[in-house]
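Asker: If you're matching them up, the sequences are chains A, B and C in order. Under numbering that gives the first Met the number 0, the first residue of the first sequence is numbered 0, with each subsequent residue one higher. Under numbering that gives the first Met the number 0, the first residue of the second sequence is numbered 0, with each subsequent residue one higher. Under numbering that gives the first Met the number 0, the first residue of the third sequence is numbered 0, with each subsequent residue one higher.
Wrong hints could be hidden among the right ones.
[As the list claims (entries may be wrong)] Partial chain A-side listing against chain C, Cβ under 7 Å, derived:
{"#": "1", "residue": "M0"}
{"#": "2", "residue": "K1"}
{"#": "3", "residue": "F15"}
{"#": "4", "residue": "P30"}
{"#": "5", "residue": "R81"}
{"#": "6", "residue": "K83"}
{"#": "7", "residue": "R92"}
{"#": "8", "residue": "G149"}
{"#": "9", "residue": "D157"}
{"#": "10", "residue": "F161"}
{"#": "11", "residue": "I163"}
{"#": "12", "residue": "S164"}
{"#": "13", "residue": "V267"}
{"#": "14", "residue": "P269"}
These aren't lab readings, by the way, just hints derived from the structure by calculation. Where is the CB? At the ideal position from N, CA and C, for every residue including glycine.
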Amino acid sequence: MKQFIIRRLLIMIPVFIGISMIIFGLIHSTPGDPYITMLDPNITEADREAMLNSIGYYDPLPVKYIKWIERAIKGDLGYSIRYKEPVADVISRRIGNTLLLSVTALVLSVLIAVPLGIVSATKQYSVFDYVATILALIGLSIPAFFFALGLIKVLAFDLGIFPISGIETTGANYTGMKRVLDVLHHMALPIIVLTFVQTASLMRYTRSSMLEVIQQDYIRTAKAKGLSERVVIYKHALRNAMISIVTLISLSLGGLLSGAVLTETVFVWPGMGTLVYQAILNRDYPLVMAGTMLLALCVLFANLLADIMYAVVDPRIRYE
Amino acid sequence: MANNIANKSSNISKVQGEEGTSLWKIGAKRLIKNKLAVFGIVVLSILIILSVLAPVITPYDRDETNLTNTYQKPSKEHWLGTDELGRDVFTRLIYGGRVSLSVGLVSTSISVIIGVLLGAIGGYYGKVVDNIIMRIVDIFMCFPFFIMAITIAAILGPSIWNVMIISGILSWPSIARIVRAEVMTVKEREFVEASKALGLTPIEIIFRHILPNVLAVVIVYTTLGIASGILSEAGLSFLGLGVKQPQPSWGNMLSAAQNLRSLRLHWWLWVPPGLLVFITILSINFLGDGLRDALDPKLKH
Amino acid sequence: MKRKLFSLLLVIAMISTLLVGCGGDKNATNNTPSNDAVKGSDKSVVRMALWSAPAGIFNPVLLGDDYDGAVAGLIYEPLVEMNPKFEFESGLAEKWEISEDSKSITFYLRKDVKWHDGEPFTSEDVKYTFEFISDPGYAGNKFSQISAISGANDYKEGKSESIKGIEVIDDHTIKITTDEVFAPFLDKIAGIDVIPQHIWSKIEVSKALESTDILRNPVGTGPFKFEKFVPDQYVTVVKNEEYWAGAPKIDSIVLQVVNQDTAQAQMLSGEIDFMQLSSMNPDDLALYEDAGIQIQEVFYTSFQQMGVNVRNPLLADKKVRQALTYAIDRQGIVDSLLHGHGNVANTTYPPFFWSYPGDEAINTYDYSPEKAIEILTKEVGWEYKDGKMYADGKPVKFSLVYPTGNKARELSAPVIQENLKNIGIELDLQIMEFATMVAKVKDEKAFDLFLLGSGIGADPDVRNNFSTEAIETGSNYMGYSNPELDKLFEEGVKYIEIEKRKPIYFEAAKIINEDMPVIFLYNWSEGRAIAPKLKGVQSFAFGNYYKVNEWYIEK
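Using the sequences plus the hints, can you model the full thing?
Answerer: Structure below.
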């Protein structure tokens, strides 16, 4: 097992380098530069060139990449062109907000989706199964941003139950419990959106993996041996189905993080998604690079986790 | 001896073929029994017919602006009213269907072609080839979709083709993994061993024997992929990087109405495209589900 | 197993809530932690909407974006300020005297002004501000604005220890001299916000952008003092009790980031007290009116244009550009896309500005596709048959690049496409993200036509847009050159008095109107939505904060 993990970690190195090279190449081939949008008539072309020179804009791409990776290995992610402060500082301020949203949504959707999926599977073709399946399909079919705007219109605008955007009441300077409640209040709508979408796919997945397990021979045997339905399903079947469900959960964390761009944009949530999106528009290369790499790394580790979990359960995989 | 081998070979393909057709037949029968899947097929067919026949159905020009007739409510002349430039919403909606549906189709085709090829090659050859391909898959799986899409869109510029390409090249890894896993199990089966023994080239084996066996999985994946292609286009349009005006797509029609004013006052601008995206994807999901139940032997009763 | 997993995830979620919950405060730079102006209900707070987060560079001569500017504008002040009538009023300088030869101005500074930290404000601060900008290590974008000062260039190149043209006469008198008469002197030089020497001289100018601590704890002389900056979310400023023109009547202002699509709801529900309206949609206005919200209409000196690449042989002839102008239903665009809040533009100056020569002096190119076709076929020699326009036997087709971002501009593109279709010209629309589009137009010059806003600011000197020199160094992306116009432009900046400049710019406006190096589309006005209780706001094209210390909340 140890060997397997070490091997997987070693494999991550070329993958990591590959990711960083592709992302670096793409980001630096976007047309324009960080200062091109300053159409201020007071800025002359010479000013612009001087500013570009100071950030190493005119270096050839491979040189830029080597410079970047050299510093990145030492833990120096560079200086944000727009925020004029270390990229690490900019990101550390945002990453918590994004995790807050995505982890909470993930936990909630697991809490909702797994039980629903199990019941749905054990009572296949029942009314409950149909209703749950159709609800899940609705969740999969509705564009997240559209759903979000609809919620804002009804719950925030018409009914005024929730704030429209942001992460806290600005200028209120709440502290302690009051502040936590305030943040929770602001979180509600984005959480509803993310959870609904996430629950939909997770529920369907739980249902089908449960179905798969239920139909396997050993479950039938267990049933034939006269074990009660309850014991069979919750003791034997669920345990096996959980493996693939947990795998999916770790995989979906990556998706949740990168898919947050849309939700964060709609709700003006100060997270990673909007940060990187704005950074791309501003051509803030060091920031885009670090932000994108961080998101990619999250996915990479989530995938690794999934692989390991799978291998723990199914020894054949290790020797693949 | 030679005769014998030839005989054996034809036997194999015959067995294969019979198994294949019967599987498809059973599948089709099962699919038709599935009410939701049939609903999906019917709705999708109607939508496809509508968008193909768009020029015949509507008397208006797609991009015809009329600045004196903006934001009109639905009426006899304009079934779904007019938009901010006085263009007929119904007309743009059915033309938009062309764009949205073809974005879904083409982007999925791109990802299926890349995914199936790489997955099959990796699964069949194994070893170094597989290792390299799987690392590429790992790399692509780690890319955050929207962020990469935004970056590529900035390079390529927004257009319908670029949306297809972006969505296609960012979503092939999952199909590659599925195909690879299937190929690896199919590879071990006797008929493939036999074909090898008969001296068929790997390409022949992959195309004639292995791919038909993973077709079921691919079809199911493709249906669902189309749905996510349409959703991605809508999302990209929302961020202003999708299909561009004046060409309508359901995604950019939706995002044009994203402000509260339109949400409040001009329901005819956002309800129809929103509803169509929803219904289309719902239908595709129904169909995909039905196909999975019908084609996946594991779920046989 | 299931329960364990859930509780684990739950714990993670709670921890991250706490982390975020505490994190915000820790990161916020807090100037006066005890002075919590917003909490008490008897304090008056005004909340203003920002569409995007300030970067946190609250130094008026270093900052590069509007949102930082919106913050700095409340904290810092210039020597002279422009008022809503486009006249100069005293700011930190109580009065000023222009020398006989118009080349130097003596500023008499106010004696009762203190920096927010209690230090007195003197002429040394003014001198330091200009030296800061002229420093070789200066990384901001204001130098070209003051480079006319005698000796500024020498100082920048390290050839001198001080700027020759800046002379401190005493603590509260300073004289600034330029080499040549510099017409926009008051606007460009005296309009620069002054920064405190005792704070910024502590660090090297070249390190200024890295001094996050100083950047994010700005000290100015203005009506409001900086209080708190929560990155990506909001900035709070509180009133300066000792403000020279009288302490502000409101206690604090919160500038907060909101989503432009949903801000309207926040305005209506009273969460926001002030925001810019990019659209004057009558439906919106009616809604605001019902809620008692005040609307101020602000007329801009800027215009939207369709730039023409005159390097394209088909577009090199001004007759073609004139015909295109006739072919576009610009009045229709103003009426429908701007809801009538704007006017068709025909030259680079808006009708209300002093350098506009008057409607009768210029051609107004009233919408007429027939006339367009007539010019193209009779005067240019193109051929029009079966609804298509041909030049030298080939169908005429142009590409139009335009950026995302401005709704009315985005929507005008398909209208222009339809309009040109009516005279048989095909237009290929290419919308792109702003930076990409500008790179295409500015660096690659890969376009026929482009849409972009442009402005004259407060001075009619538009050399940067239309002079021959600006093809290389400015925003003359069209590649347009007219020696006669160049000469007028040079002449125009030689006088400070408006009356002497008027005839020169009238002539320039007429030439631009005739040549149409860009096809002028429209001048527009935008709105400011102001909460019913907030009084005293006077927004105009160059600022929202005029006499902000006199704003008050009606009880």
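Asker: Confirm or reject each hint.
Answerer: Now for the hints, and whether the structure bears them out:
For M0 (chain A), the shortest C-beta to C-beta distance to chain C is roughly 19 Å, which exceeds 7 Å, and the interface hint is violated. For the restraint placing K1 (chain A) at the interface with chain C, the shortest Cβ-Cβ distance is roughly 23 Å, beyond the 7 Å limit, so the hint is violated. Checking F15 (chain A) against chain C: minimum C-beta separation of about 25 Å lies over 7 Å; hint violated. Taking 7 Å as the C-beta contact cut-off toward chain C, the hint placing P30 (chain A) at the interface holds, the least distance being around 4 Å.
Restraint check, R81 (chain A) versus chain C: the minimum CB separation of about 5 Å is within 7 Å; hint holds. Restraint check, K83 (chain A) versus chain C: the minimum CB separation of about 5 Å is within 7 Å; hint holds. Annotation: interface hint on R92 (chain A) holds; nearest CB of chain C at approximately 5 Å, less than 7 Å. For G149 (chain A), the interface hint is violated, the least distance from its beta-carbon to any beta-carbon of chain C being 12 Å, above 7 Å.
Checking D157 (chain A) against chain C by beta carbon gives a least distance of about 9 Å; that is not within 7 Å, so the hint is violated. Violation of the interface hint for F161 (chain A) is found here, the shortest Cβ-Cβ separation to chain C being roughly 11 Å, above the 7 Å cut-off. At a threshold of 7 Å, the smallest CB-CB gap from I163 (chain A) to chain C is about 5 Å, leaving the interface hint in force. Satisfaction of the interface hint for S164 (chain A) is found here, the shortest Cβ-Cβ separation to chain C being roughly 5 Å, below the 7 Å cut-off.
With 7 Å as the threshold, the beta carbon of V267 (chain A) comes within range of chain C, its nearest partner Cβ sitting at about 4 Å, so the hint holds. Contact between P269 (chain A) and chain C, as hinted, is supported at the beta carbon level, the nearest pair being about 4 Å apart and thus within 7 Å.
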